[in-house]
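Visitor: Now for the letters of each chain:
2 protein chains.
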Amino acid sequence: MAARPNEARPPGPGSGPPDTQQGMRRRNLARVMHTVRAEGPLSRAAVAARIGLTRAAVSTLVDELIRAGLLEELGPDRPAGVGRPGSALALSDQGPAGIGAEIGVDHLAVCAVDLRGAVRARAVRHTANRGRPPGPVLAELTALFGQVVAEAEGRGLRPAGLAVAVPGLVARDARTVVRAPNLGWHDTDLAPFLPDGMPLTVDNEANFGALAELWLGDGTPLDFVHVSAEIGIGGAVVLEGRLLRGTRGFAGELGHVPVHPEGPRCACGGRGCLEQYAGEEAVLRAAGEPAPDENRVEVLAERAAHGDRDVRLALRDAGTALGIALTGAVNLLDPEAVVLGGALAALAPWLVPSLERELARRTAGPVCSVAVSRLGSEGPLLGAAHSVVRAVLDDPPVASGRA
Amino acid sequence: MAARPNEARPPGPGSGPPDTQQGMRRRNLARVMHTVRAEGPLSRAAVAARIGLTRAAVSTLVDELIRAGLLEELGPDRPAGVGRPGSALALSDQGPAGIGAEIGVDHLAVCAVDLRGAVRARAVRHTANRGRPPGPVLAELTALFGQVVAEAEGRGLRPAGLAVAVPGLVARDARTVVRAPNLGWHDTDLAPFLPDGMPLTVDNEANFGALAELWLGDGTPLDFVHVSAEIGIGGAVVLEGRLLRGTRGFAGELGHVPVHPEGPRCACGGRGCLEQYAGEEAVLRAAGEPAPDENRVEVLAERAAHGDRDVRLALRDAGTALGIALTGAVNLLDPEAVVLGGALAALAPWLVPSLERELARRTAGPVCSVAVSRLGSEGPLLGAAHSVVRAVLDDPPVASGRA
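Residue numbers (my numbering), protein chains in the order written: chain A, 18 to 420; chain B, 18 to 420.
If you're looking for bench data, these hints aren't it; they were derived computationally from the structure.
Don't be surprised by glycine CBs; every beta carbon is placed ideally from N, CA and C.
Just so you know, not all the hints are guaranteed correct.
Below, a sample of chain B positions facing chain A; criterion: calculated Cβ distance under 7 Å [unchecked claim]:
no.	residue
1	Asp240
2	Thr264
3	Pro278
4	Ala346
Footprint (simulated), chain A over chain B, 3 or more residues, beta carbon under 8 Å [unchecked claim]:
no.	stretch
5	249-263
6	280-287
7	336-344
8	347-359
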């Protein structure tokens, strides 16, 4: 059991870079941006009151952010001279944009989101990516990227980075796909295939879906387990408002929690994993349905909605298995909620009753709530784009050598 | 699904108190303390180099810490005047002390630990606390506390706080025992029973055991699952060097992860929980042994060491069940290691082989390591005392109005 290099002891208030004037200034710039994002439009005085700095200090920070094109003043036209009136500040909708991309089994998608969180450009292409090598898939994605960037630039936006959601495990370098079984990719560094000269982050689609839920969801708590599905079961864990990554970057693999320890063999090497009971293929098999090549979730949702008894029973049993696996997760993590997102959101009406029954039956006392994502399968793409925007808000790109 | 009051959005670089000179000074004082703790004795120049501040800035901080009795200068006698030679700094062994206490089913214990981490006073009493009401148990604990404090004060130490480890779930207020089934306590606020006028923290024994492992263990990583046992199975999760608490403060309940979903009923309301296969009572039952009233783990370890075949088989099966539950935990958390601590450490020779076999069989790729705590059943008491010491290091009590 070896400690990680350069991290021999836990981080604490005593570790990390020293506090300097420069670091303090950067954190305060971020505070202004986040305050205006959360509560704007706001006057300088209101920002100062919210973050507990003097009005003069806030004005200096605000002026820097306006010069960098990150904040803007909304009317009324302010008179020249000192003593600005309470003119309202908002995040710029002409500033940096986050570019999000998604590689799905059935589609590719790219979008641009501005600092205010609005989607300003979007392109989707339906393609069958199962078993297709990375080169052509990423060439096609790069073409969509070019299209979206041109459109965003035409609207006065400057792309600040690219974040790509993939249906698989991604290493902690945030660029290497370790395993994406449904694409057939493994140990593939995506960076050489993607546009040069722009900060790049690759992450698991369930992780980006969970972040979208955290940032955009309606009343999503700070501690939750996010469950999604494409072919397998995806999962992600958010604790205290932060995505749990784990040592290798593989945390949140709810699909491989054992449900029946001597159940069927799973591709992961285990037996009786949740995916063997609640994954799309397992549900289709249980329902006696042939597995269509594409749009499996849509097919299942449609049949269930039309009252197909076998599909409904198969989904009920999948919900039971989800409830067993989530009982373990709830005991380990004590989250405030479980959120069903991604493609699972569409199946929620037939999964949730048995899932909730199982959770209630197995956990004493007040149990965490079960919610269904409003973002559904849009979550990963939006989460990717917003992750770039968040990075700008967290460390606003303001020239450091100002007068 | 409601957001928690006053915490509507996730914390980020833009939230929290504003950066001020005063806050910066406090964080830099903590940096000096932690640097000297981790690498001392160190000269002022070495501290400055380690934390990246100027020698002059560090000298000011060090002088404050010396005046407050938190740091001391070891020889050689430094000459009067400016230009101090490289005289070495160490944490004071006459300064604040952390008082740790443990309420066990079979015993009560209190100890005092100085800033350097040395145990300077200790008192233990063997008492049968099962089913005994809080009043008399805590009166007895308070008597031990008085004894240890008097001894510590006699050695020039000043108690800085009391932390109490209990075998049960503790609310996030860090004083109320929600459920301690083996004591028979529930919804009991311990504060009124304990000495007044001293900062108090009550926490689960597995949590304090995990913190002791993090702080005192030999090469313990920053991400691990800690498994312990008294009567039931205790668990605690440390991620990125921080203890996971969860929404209600109940995170880490590995003992109630379902292992066989239709297995025997558990007191928690579930079925087939890990505790039903690997808890002390389950192991004793499986071994066909009558359950002794006290010291059950010692009895099991002794019989296994003497080659008792039934006990060994029962422990092997318990290890298998631990491996199944930990497979779920490893998939969810992706920790670097599993650490067997507390009373389980004594049973490790008979649990670990089947536990490791099960983990390896069920998880693809490099699996996290399994380690046995050297602290064993001392962990919770030491973790409690050290948690008080850590709080002093994290925010050194230095008068803020210095000249």
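Visitor: If a hint holds in the structure, say so; if it does not, say that too.
Guide: How the hints compare with the structure:
1. Asp240: holds (5 Å)
2. Thr264: Result: holds, 4 Å to nearest chain A Cβ.
3. Pro278: holds (5 Å)
4. Ala346: holds (6 Å)
5. 249-263: holds (count 9)
6. 280-287: Our answer is that it holds, as 3 residues pass the Cβ test (under 8 Å) against chain A, meeting three.
7. 336-344: holds (count 3)
8. 347-359: Coverage by chain A holds for the stretch 347-359 of chain B (8 residues, Cβ < 8 Å).
When held up to the earlier numbered hints, the structure conflicts with none and fits them all.
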